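Work the whole structure out from these sequences, hints included.
Protein chains: 2
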Amino acid sequence: MKILIIEDERELAQSIATYLTDENYRCEMAATYDDAISKIDIYSYDCILLDLMLPGGDGLKVLEELKRLQKQDGVIIISAKDSLEDKIAGLHTGADDYLAKPFHLSELGARIYSVIRRKQFGNSNILQVNELKIDIPAKKVMVSDKPVTLTKKEFDLLVFLIGNKNRVISKAALAEHLSGDMADMLDNHDFVYAHIKNLKKKLSEAGCTDYIKTAYGMGYKWEQ
Amino acid sequence: MKILIIEDERELAQSIATYLTDENYRCEMAATYDDAISKIDIYSYDCILLDLMLPGGDGLKVLEELKRLQKQDGVIIISAKDSLEDKIAGLHTGADDYLAKPFHLSELGARIYSVIRRKQFGNSNILQVNELKIDIPAKKVMVSDKPVTLTKKEFDLLVFLIGNKNRVISKAALAEHLSGDMADMLDNHDFVYAHIKNLKKKLSEAGCTDYIKTAYGMGYKWEQ
DNA sequence: TCAGCCCATGAAAATCCTCATCATAGAAGA
DNA sequence: TCTTCTATGATGAGGATTTTCATGGGCTGA
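Those protein sequences? They're chains A and B, same order as listed. Counting from 1, one number per residue, gives the positions in the first sequence under full-length UniProt numbering. Counting from 1, one number per residue, gives the positions in the second sequence under full-length UniProt numbering.
Careful: at least some of the hints might be erroneous.
One copy or two, it doesn't matter: identical chains are merged, so the pair holds either way.
Below, computed lysine-lysine pairings styled on DSBU-like, alpha-carbon distance capped at 30 Å [claimed, not checked]: (1) LYS133 <-> LYS200; (2) LYS61 <-> LYS202; (3) LYS200 <-> LYS61; (4) LYS213 <-> LYS119; (5) LYS213 <-> LYS200.
These are computed hints drawn from the structure, not numbers from a lab. The structure displayed is predicted, hence computed values, not measured ones.
Structure representation (structure tokens):
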């Protein structure tokens, strides 16, 4: 489970990160608007903690960017004051929850858990792309109502590509997502080729072709 | 994020700076030993890139100076040769990571990211437990200075257990950590048994026993 | 003591990663 | 424009790792 903490007060961000790491989440941090935007452009998170008061730009624009990218990341706004306008604006722009500072870390933990759970078990967890249907909580894939059995990595790859549809994802980013390890950004990424190939093969055998495009020298893309 | 590049080859320093600036870091450069010392005396950096072969003084002395000043700056050594002695000396003197020339800029970027992140989370890079030594960036484990080869999951498990030493970790938490997937909190966790068993076996074959305790009905614990 | 759950273990199956080889896109130059 | 060259991607096979499964032993509470 990956969390992005968008927060410019370093001490707060760090104590949140420490707490969440203890709770077995993987955390990343962004301290500025630009940093936040570049991270959400590249990666996907299970939950994003968003401070609305950011140096370099309005936090609400981060929400708009998420929406524009059609990202499914859960978002919890953490705002300096319990401003009703902020709350309404935030929830309206696509946030999943709202938490006013100061808050207890355990409360934050509970909210995160609930956002992720809602995302996982809610109705929005079935992706449908023409003849392709993906039930994320159940980890099942159907093509024209016939089941296709994918391995865990293949399934992850598929969901990740679709979650970033029409955008090229670099091989390194795919490698990192699949291995869950930043260190693997460094080594060789041959295994990505293998998973792409196997996924393409299984999908096309089921009659679902031409979605995964190779962007030579850049990565792969789900095109729709 | 501020980076100090201590490197006398001007072209290399410049191309690193250009790359890192693109990645939204602020860069400063030092081309000589004296220049480096005066900069670290005055300023603090999120990460320092240190070439050990410097005109005017040994790069390791820069590390000693940092230590003397009790600075917390992260340090990545970029060494002309892939010399084991350099690595060991560097890491012992307080560097956070090392990188042998020539390297890809993206690799450097990943290491910087990881060093900064680790600093934020307060983790260190080499764990030592009596006869057991773990080099996290290199993913190497030694028992009484003899290498032990662990698989990725075994390594992850070991680091996670030690990172929570003297605390019982539930099987579900271990399962989630190893699989990187919250959904696996629900299913069966038999594979944890297998990894625990294999890790115990490899460690004890190397002469490192009795650290991993089973807490019946509750989980496992690294006891020290 | 005994029942019932929990863990340990070995082996087999499934999955994943690596490696060597081949194919192809894009770049560079004629 | 055509050819050649180089880096990148595709592919299949093999080995390594991970996960599952079945069986047996041990802990704990009644």
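Right, here's what the structure says about each hint:
no. : hint              : in the structure
1   : LYS133 <-> LYS200 : within (16 Å within a copy, 43 Å between copies)
2   : LYS61 <-> LYS202  : neither (39 Å within a copy, 51 Å between copies)
3   : LYS200 <-> LYS61  : neither (36 Å within a copy, 50 Å between copies)
4   : LYS213 <-> LYS119 : within (28 Å within a copy, 36 Å between copies)
5   : LYS213 <-> LYS200 : within (10 Å within a copy, 44 Å between copies)
Of the numbered hints listed earlier, those contradicted by the structure are 2, 3.
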